[in-house]
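This is what each chain is made of:
Number of protein chains: 2
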Amino acid sequence: MKPYLIGVDLGGTFIKTALITLQGDIVNKGEIPSEKESGPERVIANIGKSIQLAVKEAGQIFNQVQGIGVGAPGPLNTQKWIVCNAVNIPGFINIPLRDLIQDKFGIPVNLENDANAAGYGEYWKGAGRGSSLMVAYTLGTGVGGGIIIDGKLIRGTNDCGGELGHMTIVPDGEMCSCGNRGCVEAYASATFLVKHTAAKLKKGCPSLLTKWLEEGKILTAKLIDEARRAGDEFAGEMLLEVGYYLGLGVANVVSALNPDVVVVGGGMIKAGEIILEAVRREVKKRTFREHYEHLRIIPAALGNNAGIIGAAGLALECAESQGS
Amino acid sequence: MKPYLIGVDLGGTFIKTALITLQGDIVNKGEIPSEKESGPERVIANIGKSIQLAVKEAGQIFNQVQGIGVGAPGPLNTQKWIVCNAVNIPGFINIPLRDLIQDKFGIPVNLENDANAAGYGEYWKGAGRGSSLMVAYTLGTGVGGGIIIDGKLIRGTNDCGGELGHMTIVPDGEMCSCGNRGCVEAYASATFLVKHTAAKLKKGCPSLLTKWLEEGKILTAKLIDEARRAGDEFAGEMLLEVGYYLGLGVANVVSALNPDVVVVGGGMIKAGEIILEAVRREVKKRTFREHYEHLRIIPAALGNNAGIIGAAGLALECAESQGS
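Going down the list, the sequences are from chains X and F. Numbering (the working numbering) for the first sequence: 49 to 372. Numbering (the working numbering) for the second sequence: 49 to 372.
Same shape as in the complex, but just chain X (with noise of 0.2 Å):
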């Protein structure tokens, strides 16, 4: 085998890159704006631009790559290597990705779900490593998951395993990007968090946030999460929510399969124990005590590279399982 893999982690606002050696170690990584306003052609143009970079940044040549790994957004057909419908890139509908990038530099290339391969690299080379049955939540733009048991990632029937983010926790809720009602997303996701607090900040909730929106920063998650650090009670109780609502979530796929671990990542997530313990007390409220007692709930340990080595781990169980 050639000594590394390619993974690439199509996000709706970045593309991130790294070449990756066989073992999972980082090389060499790069992110790029996706200018998913800019249509999918152009998206597509800087997945491309995006592995050159990676690539040529750290020196090697693509004939010492194995193969690249792509985690894109949404729904998929693995057996037709299109990306059906990636929710949060407008427009980027029924896309061949994999022949595409495949055809343009000649090295074989595995699609997966976006949140399916950051799971799995959290199984891989994270936080996960050692569990026999592993559940993942990415929170992030939306909200992914993962499941592997006994190493192997559960796809389902066809390549739509694992979507958590659209499990209904409250049959007439919020409505979600997805269309439907109640989603776990419509309430743990980044992108809802902001909208639920900018809706209860404009109904007059005090908060310091109203003083630094006035000041011309942007409310963000993050911002949401700082406020919250410097001791502001509303900015804690909406964080408190996504845990709250998560963990109904959470709670569902524990009945269903009884994990021994639970990994929750995604650039929320650096928000922390506010969140993992909500999520733990909705659990443990929620479950047998049979489920509860031998599960561990965690944050993710590789940050923003769980995708990227997570999409190149199964890159490489592509080859291996096709014996190249």
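Hints in this document: simulated from the structure, not taken from any laboratory. Where hints are given, some of them may not hold.
For chains that are exact copies, the list does not tell them apart, and a pair is met inside one copy or across any two.
Heads up, simulated EDC-like pairs for lysine to aspartate or glutamate below, C-alpha to C-alpha not over 20 Å straight-line [unchecked claim]: (1) Lys200 with Asp308; (2) Lys333 with Glu222; (3) Lys333 with Asp220; (4) Lys332 with Glu79; (5) Lys248 with Glu285; (6) Lys332 with Asp220; (7) Lys259 with Glu365; (8) Lys97 with Glu79.
Add chain F to chain X, keeping to what the hints say.
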């Protein structure tokens, strides 16, 4: 291998037992009341009695039996082979059921969650044959579940996988028998169907059932379905509600696992398509098109026999994996 297996299905009301061939065909079966009111010791004695009857009636002798499989209400501990807490059998707590039966008969015994056993039965010999990712529900006194991926029952980290009846679908909803609120079981079990229907009748909802109850009939899920078949609109609505809430639970499992088949069994499914149509409607509404388009949501095929066939099948799987 010896030519026969014994399958036992320990229910809240009856103990069903059958002598079964290694191919999954029933040679002889019977059921006796579990007599749960008389305490756990009586229930255990009745299990023994039921096994003896099934074998004796068939004219077989115990030395032709390869293994005994018992499906018992959950949570179990199959490291210690203990029934931790059979929710529907009062006082049936921390019972070492595997060893009690094994010591009595001198035949290897395998212990599984009853709903897991029923699900495995439907996978092995019933509606789910050939499925690559099957989810099973059992609607009875409670609501049980089972998940079979690539032919393997998902037992979970400590034997509590597949507790699909205890997924939360209404965060602050009805109190469930498990002590939590808003579980699938608190809306879609026969117990709660009867409870909700009685409450609504008391409030004066017009229904044929009121007359029937005045005539001395007892309100059961079966009676509600009979009223529906006799054209009673209210009874139909009650069954549609069961389907709606079950559908919320099924939609969540479909988002998480992307199965190709969901099999719904148990006594309540005699009401048939009225429940399943409501389930399909909710799942279609709440999952991605990709989740729904290859999914079949179908009634169980083995009726009352799913549990005994599945328990026997898992005893066989257990014997084979031990190389005996």
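- Status of Glu79 relative to Lys332 across identical chains (alpha carbons, at most 20 Å): neither (38 Å within a copy, 37 Å between copies)
- Is it within a copy, between copies, both, or neither that the alpha carbon of Lys259 lies no farther than 20 Å from that of Glu365? neither (51 Å within a copy, 65 Å between copies)
- Identical-chain pair category, Lys333 with Glu222, by Cα at 20 Å: Result: close only across copies, 15 Å inter versus 23 Å intra.
- Up to 20 Å between alpha-carbons, please classify Lys332 paired with Asp220: within, between, both or neither. between (25 Å within a copy, 15 Å between copies)
- Intra- versus inter-copy proximity for Glu79 and Lys97 (alpha-carbon distance at most 20 Å): Within one copy only: 10 Å inside, 69 Å across.
- Evaluate Lys248 and Glu285 at a C-alpha cut-off of 20 Å and name the case that applies: within, between, both or neither. within (11 Å within a copy, 38 Å between copies)
- Intra- versus inter-copy proximity for Asp220 and Lys333 (alpha-carbon distance at most 20 Å): For Lys333 and Asp220, the Cα distance is within 20 Å only across copies (12 Å; inside one copy 22 Å).
- Message: Treating 20 Å as the Cα threshold, decide for Lys200 and Asp308: within, between, both or neither.
- Response: Both. Shortest intra-copy (15 Å) and inter-copy (18 Å) distances satisfy the 20 Å Cα cut-off.
Checked against the numbered hints listed earlier, the structure breaks hints 4, 7; every other hint is satisfied.
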